[in-house]
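Use these hints to put chain B onto chain A, whose structure you have.
Taken in sequence, the protein lines are chains A and B.
Just so we're aligned: 120 in my numbering is position 120 of the first sequence, and the numbers increase by one with no gaps anywhere.
Here my numbering = 1-based position in the second sequence + 1000.
Simulated from the structure, these hints should not be mistaken for laboratory data.
All clues stand as given, with none of them false.
Cross-link-like lysine to aspartate or glutamate pairs, in silico, DMTMM-like; alpha carbons within 25 Å at most:
hint	chain 1	residue 1	chain 2	residue 2
1	A	Lys-144	A	Asp-166
2	B	Lys-1156	A	Glu-226
3	A	Lys-402	B	Asp-1247
4	B	Lys-1147	A	Asp-171
5	A	Lys-169	B	Asp-1142
6	A	Lys-416	B	Asp-1042
7	A	Lys-232	B	Glu-1158
8	A	Lys-416	B	Asp-1065
9	A	Lys-144	A	Glu-160
10	A	Lys-416	A	Glu-204
11	A	Lys-201	A	Asp-123
12	A	Lys-215	B	Asp-1247
13	A	Lys-416	B	Asp-1270
14	A	Lys-73	B	Asp-1234
15	A	Lys-402	A	Asp-183
16	B	Lys-1147	B	Glu-1157
17	B	Lys-1127	A	Asp-233
18	A	Lys-232	B	Asp-1247
19	B	Lys-1127	A	Asp-34
20	A	Lys-402	B	Asp-1060
21	B	Lys-1156	A	Asp-233
22	A	Lys-232	B	Glu-1157
23	B	Lys-1147	A	Asp-233
24	A	Lys-144	A	Asp-159
Some residues of chain A that are not near chain B, with every Cβ distance over 10 Å (derived):
hint	residue
25	Gly-125
26	Val-154
27	Gly-268
28	Thr-342
Computed footprint of chain A on chain B, listed as stretches where at least three residues anywhere in the stretch have a Cβ under 8 Å from a Cβ of chain A:
hint	region
29	1123–1133
30	1154–1168
31	1240–1246
32	1262–1269
Backbone N, C-alpha and C fix where the C-beta goes; we use that ideal spot for every residue, glycine too.
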Amino acid sequence: MTKTFRFALLASTLLGGAASAQDVTLTIESWRNDDLTIWQDTIIPAFEAQNPGIKVVFAPTAPAEYNAALNSKLAAGSAGDLITCRPFDASLELYNQGHLADLSGLASMANFSPVAKSAWQTDDGAATFCVPMASVIHGFIYNKDAFAELGLSVPTTRDEFFAVLDAIKADGTYIPMAMGTNDQWEAATMGYNNIGPNYWKGEEGRLALIKGEQKLTDPQWVAPFEELARWKDYLGDGFEAQTYPDSQNLFTLGRAAIYPAGSWEISGFNAQAQFAMGAFPPPVAAAGDTCYISDHTDIAIGLNAASPNADAAKKFLEWVGSAEFATMYANALPGFFSLNSTPVEMQDPLAQEFVSWRGKCQSTIRSTYQILSRGTPNLENETWNASANVIRGSETPADAAKRLQDGLASWYEPQK
Amino acid sequence: MARRKPFRWHIGVFLAPAVLVYTAIMIIPLFGTLNLSLYNLDGQNRIFVGLANFVTLFGDPRWSDAFWNALWNNCWFFIIHMLVQNPIGILLAALLSSPRLRMAAFYRTAIFIPTILSFVIVGFVWKLILSPIWGIAPGMLDAVGLKFLFAPWLGKEEYALTTLALISVWQFVGIPMMLIYAALLSIPDDVIEAAEMDGLTGWSQFWKIKLPLILPSIGIISILTFVGNFNAFDLIYVAQGALAGPDFSTDILGTFLYRTFFGFQLQLGDPHMGAAIASAMFVIILIGVCLYLFGIQTRLRRYQF
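Here chain B stands alone, though its shape is the one from the complex:
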């Protein structure tokens, strides 16, 4: 008879700190928020109202208009990131991994630096750059004879959100660049050599050999961007304030939640409706992540070298 395996205590001991900390600061508050969204005030007392807050959020035209506006803005914010950040990240990574590039380390660092800056600094610096009064953007455009292209972008309903999304891309493009750069470096030379032997070079080599090999990295970047974008708040708040002007055109779920939960100016905070919005955000992100995990991640082909 085989000896019973001793209980492996060390697994529990090693897991415990992370589990405890994560439970205390993530899981419990998460369920607290979900729970709070089922209550509301009746005069001074907190009473259980079931899903009534969600009925208000999606049923009352005032709340639902604001919610769908914020959700659509959030989607647009994400779309701009996907369309601009990932191609630029891949391009930069491809350039950096080119063996003929000099000072690659310098470029790598320079492009990554904005990522480690605070949102407050980024928002403020870009607000100044784009300022129609003090900014350098109008002057620079003027110097190349393109002054007519300048507009007070952050103040125009039709441009403000796209401008902010591009600022955010500028800040975070270093992350996809680094991840894809690492993925490109990990492609073994013999795979590339074999491709060259078969006559695949240049662009077709990139499309047929390298891109499939870095797809898992792009997938990870996309899901990180998705979660980051749908939780975004800081940049909009710093650049446009909690009212997310002009005329709520830059209002995303984060700023909508902030205004509702904490209140704004004469509007008093409503923690219960705020919790309902936070729960809706949680569900949206959960759905997005699940779609990725079960729809894309499992179908990605991985290659072992």
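Chain A on its own, in the form it takes in the complex:
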């Protein structure tokens, strides 16, 4: 009896396998494990409905492990057909090694501006190897109820910002700012690269750094560290051991008033927080100054050059480049702003607030991502460590900046 049953099971597995083998199955490598349900329930069904015969599997890895895992899989030939692309050098290197296919010929590439594509192009712009999906904007998300309760207004200048923090601290009901240094990257990404563009004037400073006309020890590059050092007093008790999820929870539980954020937090916060939320861009030095925001081209999708299902994968990529996908993605994941040239209507008020800054501020991308993190020591990774040290107070802003500059100058010709 059991034996027959087992044979039946075995047979059905084999037959089932044979039946589904007629379909092409595309596997997507990604670090966005938070988005798993959205891909499975919204995005993939929409594609599969239009393209019978193609099955898509979204197979994410934890964000911190993604690059390492992906590189090993590509080297071993076991990576999925579609590769979610990190911006700039990480993906460029994969293209140079022949792991990512050239996608310049895709019809839907015409839907993206040169700036949107720049993060996934060769230095001369000749080849584009990933279809841009979204950018993320940095700023601060705040607890509107807490601000109303304490009679605070949204700060626009740095002095106002610290006055607000002082007021929240003096009141004592809320932790002024939710951030920890345990995971390090928040200090760099949501700290240094969030407030920094206002000091180094966005693209102007970033490009001057790449050309070697400015140094990381110049005042406009040290000043963000000096501001970060002041944050220390406004973080919660034991922030040294506070992790990224800890900070998210502190804010969404209503225990902290301000959260230095990236717009990717929006959907998670909407689901968790029981209070009204607002957002403000990084405060400027004096009222009326031009504001600069980090509007970072963050995520794209490319084709594994070794994929046996290249035709089906290209179909999928064409669809990712379409306005239909852009609308679906931007609304399913508020906070990931579409890079498609077609304007996308977004429903979420917080996402609308973030994206409205594009109209009044100058956009730039994170200073460490293009070209400057090609060598060893890696500027981005060093910046994580330096920012966390500066906030903890174990390294002075000047020392941290000098260390970064020395590290960069050790391998980057224009900075020597």
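Structure of chain B alone, referenced to chain A:
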């Protein structure tokens, strides 16, 4: 003339599976790693560079600072284990072997259980216990009026590594306890009785009779701990991430190797430098084990009963 002994095929047959499996999954990869450390990339091609990777590792101040930092942290990790794990293991074993102890089996099991837990669970549980925000450690200290002693230990450069070492001790203290417990049980009663006849009891009996008899077990535990510690990676990675923060104060050779070999965030992996670090780790462990085998193991006195 004596008959020639028949060739004993069964020895080869019985050894073959282990030798084959061990060769395939240990020896070949080991030599592959040692070999890989002698190569590097020249543009897109892999070229033989001799010991150049090691010259970089020990000569370039950036690499060597990171390496010596990791090595010293690893030594400190080991020192804490030796100083805390072994005495506690011996103490627990001595208590367990006391004939008057009730529920000895329960304690034995309870103390051993953390050893069979995954690093991921241990790291995560302790991170939560010690969390300054949600953890029970601050509350418990507060309840006994010692709140001022609490610090975000895992986030402070000066405490983080020691804290992690103690967590690891908590997890693995069951192993020395079991081995020493077994050694204590194997001491024949007549030896103990003879000691008592000669007037040796209590502490002096422990120092003069029991400790010498369990020294070989302590030696084995030490070398197992040494190898385990210098290969450690999991706990640090789970608790502090691959950057081994704060400010690399918990960076040990395992995490340094991981970051180098596989890359991290925007840093691309460098298998050749990674292999060089792995080779250095291999040599360090080899030296440690040899020192033990030839320096200590051969001098240990064994007693036959």
